[in-house]
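Trainee: These protein sequence lines map, in sequence, to chains A and B. Under our numbering, the first residue of the first sequence carries the number 1150, and numbering increases by one thereafter. Under our numbering, the first residue of the second sequence carries the number 68, and numbering increases by one thereafter.
Just so you know, these hints were derived from the structure itself, not from any lab. Beta carbons are placed, not taken as given, at the ideal position from N, Cα and C, and that holds for glycine. Do not take every clue at face value.
[Said to hold, decoys possible] The list that follows gives simulated cross-link-like pairs (lysine to aspartate or glutamate, EDC-like), each with its CA atoms no further than 20 angstroms apart:
#1 A:1151 - A:1176
#2 A:1151 - B:111
#3 A:1151 - B:153
[Claimed, not checked] According to the in silico footprint, chain B covers these stretches of chain A (three or more CB under 8 angstroms from chain B):
#4 1159-1171
#5 1213-1225
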Amino acid sequence: QKEVEQNSGPLSVPEGAIASLNCTYSDRVSQSFFWYRQYSGKSPELIMSIYSNGDKEDGRFTAQLNKASQYVSLLIRDSQPSDSATYLCAVRGSGSARQLTFGSGTQLTVLP
Amino acid sequence: GAGVSQTPSNKVTEKGKYVELRCDPISGHTALYWYRQSLGQGPEFLIYFQGTGAADDSGLPNDRFFAVRPEGSVSTLKIQRTERGDSAVYLCASSRGANTEAFFGQGTRLTVV
């Protein structure tokens, strides 16, 4: 059973702070990793993808991957109230198991 | 199209009825996924198509659920003898290939009464 674990939160940070969201996964041969943002009542929106160990930056977002520790994280710098949403970590396996397995999400609230 | 399109956006049906949910993926995307999401949970995998064939249907909960993608583009998720427990948001996503980024449609909210 492949699992993706996230702290469900809620996580609250003040505006302008760094929000740190964490995710662990059980399938050691997982190949690719994604972060989705989901506003209440809306569908998931892809914000970051990462395929190799290390950091990947895109604007205020940085994804970090450590395959040895089976750990992926998302940092949001200069958090804004508009970043308030649920953040979903998704992991894609290898071979025939190409579907994305999602965590249950972390609810983030950025306080003005 | 510009994005993944799902119809209808909302569906209310009576227990025991048959429903079809449609997904039109991004043009040129060969991979198509169906998920369902309950309140407070992450999306739960149902079935994955690569082209016309179901590459992985291990997430379908039982034989009341079936999905097709006859021409490798539009897909239909079919649910027979609906039950109240089938109420959820059904999400469709597509990706260019088996290892690329997947993009979601707006979902179909199914309510079984």
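Trainee: Tell me, which hint numbers fail for this structure?
Mentor: Structure breaks hints 3, 4 and 5.
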